[in-house]
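K.L.:
These are the residues of each chain, in order.
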Amino acid sequence: AQKVTQAQTEISVVEKEDVTLDCVYETRDTTYYLFWYKQPPSGELVFLIRRNSFDEQNEISGRYSWNFQKSTSSFNFTITASQVVDSAVYFCALSEAETGNQFYFGTGTSLTVIP
Amino acid sequence: DTGVSQDPRHKITKRGQNVTFRCDPISEHNRLYWYRQTLGQGPEFLTYFQNEAQLEKSRLLSDRFSAERPKGSFSTLEIQRTEQGDSAMYLCASGYGGANYGYTFGSGTRLTVV
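Residue numbers (the working numbering), protein chains in the order written: chain A, 4 to 118; chain B, 34 to 147.
Think of the hints as simulated: they come from the structure by calculation, not from any bench.
Be aware that a few hints might be false.
Reference excerpt, derived from the structure (chain A facing chain B, CB under 10 Å, subset only) [to be verified]:
{"no.": "1", "residue": "T23"}
{"no.": "2", "residue": "N55"}
{"no.": "3", "residue": "E99"}
{"no.": "4", "residue": "A100"}
No farther apart than 27 Å at their CA atoms in a straight line, the calculated lysine-lysine pairs in the DSS-like style are these [claimed, not checked]:
{"no.": "5", "chain 1": "B", "residue 1": "K90", "chain 2": "B", "residue 2": "K47"}
{"no.": "6", "chain 1": "A", "residue 1": "K6", "chain 2": "A", "residue 2": "K73"}
{"no.": "7", "chain 1": "A", "residue 1": "K6", "chain 2": "A", "residue 2": "K41"}
{"no.": "8", "chain 1": "A", "residue 1": "K19", "chain 2": "A", "residue 2": "K41"}
{"no.": "9", "chain 1": "B", "residue 1": "K47", "chain 2": "B", "residue 2": "K104"}
{"no.": "10", "chain 1": "B", "residue 1": "K44", "chain 2": "B", "residue 2": "K104"}
{"no.": "11", "chain 1": "A", "residue 1": "K6", "chain 2": "B", "residue 2": "K104"}
{"no.": "12", "chain 1": "B", "residue 1": "K90", "chain 2": "A", "residue 2": "K41"}
{"no.": "13", "chain 1": "B", "residue 1": "K44", "chain 2": "A", "residue 2": "K41"}
Because the structure is a prediction, the values reported are computed rather than measured.
The C-beta atom is built at its ideal place from N, Cα and C for all residues, glycine as well.
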């Protein structure tokens, strides 16, 4: 079973629009960690955020914000006032405390920001 | 600190040939990971090292795959008798601890088997 689901395969927005990328996860562990990574065309996965299962406080970093809701097993990512440089594939990932040696990645959401 | 380096960036090989990729992690990181990413998919875990010890291998890592990390520094991933299904991006990452702490990825080696 897929542990991380990113239902949106591709999203296109016009520059300056806000966009939310969805992530739903599944785990039986009570302690786990959630991540978002950005993968530009160069291929490197760029770390954006790490959140542990005990911290449901939403986080804002510049134009980026994250909404973590354990009740719905979701960890959504919003980009405000999108820019062309935000165009990339975004991956949500889960790491479980019990088997904490690997990430379980979703299939990614390809975001295109149109100027 | 120049991040995680992978070489080569691209490799085209004929089916049946052997290929070897290299990963140079961030020097002070004791853990090194290999992932494979096929087109349109997220990366999938292959194996990881703590220092020079290979501690875990995924079922994805068939007998044709072997990874080493001599002296706990750089790592190599070799694929013997390549098949078309091996075509993918091979990503290396390094970190201080387990995945729970997050780690730094390299830019990957894109393998095309023709």
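K.L.:
Taking only the CA atoms, is the gap from K44/B to K104/B under or equal to 27 Å?
P.N.:
Status holds; Cα separation ~26 Å.
K.L.:
Does T23/A hold up as a contact with chain B if the rule is Cβ-Cβ below 10 Å?
P.N.:
violated (19 Å)
K.L.:
Does the structure keep K19/A and K41/A at a Cα separation of 27 Å or less?
P.N.:
holds (19 Å)
K.L.:
Just to be careful, I want the Cα atoms of K6/A and K73/A compared with a cutoff of 27 Å; is the pair within it?
P.N.:
holds (14 Å)
K.L.:
Has the given pair, K90/B with K41/A, been kept, meaning a C-alpha gap of at most 27 Å?
P.N.:
Measuring from Cα to Cα gives roughly 26 Å; hence the hint holds.
K.L.:
Sort out whether K41/A lies within 27 Å of K44/B, counting only the CA atoms.
P.N.:
Between K44/B and K41/A the Cα gap is close to 24 Å, so the pair holds against 27 Å.
K.L.:
Would the hint linking K6/A and K104/B be met if the CA-CA limit is 27 Å?
P.N.:
violated (34 Å)
K.L.:
Do the alpha carbons of K90/B and K47/B lie within 27 Å of each other, as the hint requires?
P.N.:
holds (26 Å)
K.L.:
Would the pair K6/A and K41/A pass a check requiring their Cα atoms to be no farther apart than 27 Å?
P.N.:
holds (19 Å)
K.L.:
Just to be careful: measuring from the Cβ of N55/A to every Cβ in chain B, is the smallest value less than 10 Å?
P.N.:
It holds, given that the least Cβ distance between N55/A and chain B is near 8 Å, below 10 Å.
K.L.:
Have a go at the E99/A hint: is there a Cβ in chain B nearer than 10 Å to its own Cβ?
P.N.:
This interface hint holds because 8 Å falls under the 10 Å limit.
K.L.:
How about A100/A: closest beta carbon in chain B under 10 Å, or not?
P.N.:
Where the cut-off is 10 Å and the nearest Cβ of chain B is about 6 Å from A100/A, the hint holds.
Of the hints listed earlier, those the structure fails to meet are numbers 1, 9 and 11, in rising order.
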